[in-house]
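Using the sequences and the accompanying hints, generate a full structural model.
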Amino acid sequence: MRSISLPEVPYGATAVRPDWSDLPESLRRAVASRLGAPVEAARSAGGGFTRAFAAVLTTSSGLTAFVKAAPLRDPTSEWYSREAYITSRLPAEVAAPRPLWTMVESDYFVLCLEPINGHVPALPWSPPELEAALSAWSEAAAALATPSRELLEAGVPPLPEILRREYSWWTEIAAGREPMPRTAHGTVAPTRLAHLARLEQELPELVAGDALMHGDLRVDNVLIDRSGRARLCDWTWPTRGAAWFDTVTLLVTAFASGLDADAYLAGWDAPAEGVDGALAALAGYWLVRADGGPSSASPHSRQHQRFSGEQALAWLAERRGW
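At position 119 of the sequence shown the residue is numbered 118 (numbering that gives the first Met the number 0), and the sequence of numbers has no breaks.
The hints are simulated quantities; they were obtained by calculation from the structure and are not laboratory data. Beta carbons: idealized from backbone N, C-alpha and C, even for Gly. Careful: at least some of the hints might be erroneous.
[What the hints assert, rightly or not] Taking CB as the label site, the calculated pair distances span:
hint: 1; residue 1: Ala41; residue 2: Pro127; range: 28 to 34 angstroms
hint: 2; residue 1: Arg28; residue 2: Ala271; range: 55 to 61 angstroms
hint: 3; residue 1: Ser137; residue 2: Arg319; range: 23 to 29 angstroms
hint: 4; residue 1: Asp261; residue 2: Trp100; range: 40 to 46 angstroms
hint: 5; residue 1: Leu62; residue 2: Gly175; range: 56 to 62 angstroms
hint: 6; residue 1: Arg72; residue 2: Arg164; range: 21 to 27 angstroms
hint: 7; residue 1: Pro189; residue 2: Glu24; range: 18 to 24 angstroms
hint: 8; residue 1: Arg164; residue 2: Glu24; range: 41 to 47 angstroms
hint: 9; residue 1: Pro127; residue 2: Arg164; range: 20 to 26 angstroms
hint: 10; residue 1: Glu113; residue 2: Gly154; range: 22 to 28 angstroms
hint: 11; residue 1: Pro74; residue 2: Ser134; range: 41 to 47 angstroms
hint: 12; residue 1: Pro189; residue 2: Ser226; range: 46 to 52 angstroms
hint: 13; residue 1: Asp261; residue 2: Arg72; range: 43 to 49 angstroms
hint: 14; residue 1: Leu62; residue 2: Gly291; range: 39 to 45 angstroms
Now the structure itself:
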């Protein structure tokens, strides 16, 4: 079995968020009124890489709800609004928290989602939890193979377009328009640059498709409930393309966990060159961002990006015998 690599910070503890008491008093009163009773406890969501409020609230009547809130001037408020629109229109087969209500109050956008009594999977992945996550995604992908007109009205961009615009870093580096990121030193990137550039250039045609994808499927966007069932969270960045791309993204942490990521990928009809291209493109994106200095989103963002980029490259190198 391959050695296990772990991130510096557990994915359930990456977020730095405001407390309930940090929100405007008028907003807290409005949320409590909507929940029907005073809020007695707030447990902040530990996962994620935004600084916006997100917590499980418990009222004096015993009601629990997962509430997100962001100032209207903050782009995160638009993300929460988009999440509310999409999750309210997902097919029933998609295991995802659904919105209960939204409101605008005190110059904040507020999204209330059904609470999930669960946890972010710990790394290294346990096979049962990984299998639960992949099962949930498989069922969701089947239900979203032909997305509804309402879902597409959210303005879902095609994945090939995103890849050409945002995931072509090896091509830029090979052309001399960008420097090799310091985070790639010590990896196979400097000696395999031409190969990486070719793989990412060929990728867009291999991922074209009409299916609705999650677009950000990673370990901290999964919750495992008490029954062992997985829920897929944070539907903020859906795209249209081939569902196996999301599967590759999720399995980067399975590879880091010492598991046979390629075996888990079997059955997704993923072309070998497409998988390699996905790993190349993801690694370039993550490693370049990791070299960008401190992030305002979370003090752990760059650690996550470097870890993910290194693991994607390591998986690619193993697949190609580099």
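Structure-based check of each hint:
1. Ala41 to Pro127: 28 to 34 angstroms: holds, 31 angstroms
2. Arg28 to Ala271: 55 to 61 angstroms: Given a distance of about 57 angstroms, which is inside 55 to 61 angstroms, the answer is holds.
3. Ser137 to Arg319: 23 to 29 angstroms: 26 angstroms Cβ-Cβ, so the 23 to 29 angstroms window holds.
4. Asp261 to Trp100: 40 to 46 angstroms: Taking Cβ atoms as reference, aspartate 261 and tryptophan 100 lie about 43 angstroms apart, which means the hint holds.
5. Leu62 to Gly175: 56 to 62 angstroms: The hint (56 to 62 angstroms, Cβ to Cβ) holds, given that leucine 62 and glycine 175 are roughly 59 angstroms apart.
6. Arg72 to Arg164: 21 to 27 angstroms: Holds, at about 26 angstroms.
7. Pro189 to Glu24: 18 to 24 angstroms: violated, 55 angstroms
8. Arg164 to Glu24: 41 to 47 angstroms: holds, 42 angstroms
9. Pro127 to Arg164: 20 to 26 angstroms: violated, 38 angstroms
10. Glu113 to Gly154: 22 to 28 angstroms: This hint holds: roughly 25 angstroms between Cβ atoms.
11. Pro74 to Ser134: 41 to 47 angstroms: Between proline 74 and serine 134, where Cβ atoms are some 33 angstroms apart, the hint is violated.
12. Pro189 to Ser226: 46 to 52 angstroms: holds, 47 angstroms
13. Asp261 to Arg72: 43 to 49 angstroms: holds, 45 angstroms
14. Leu62 to Gly291: 39 to 45 angstroms: About 42 angstroms separates the Cβ atoms of leucine 62 and glycine 291, which means 39 to 45 angstroms holds.
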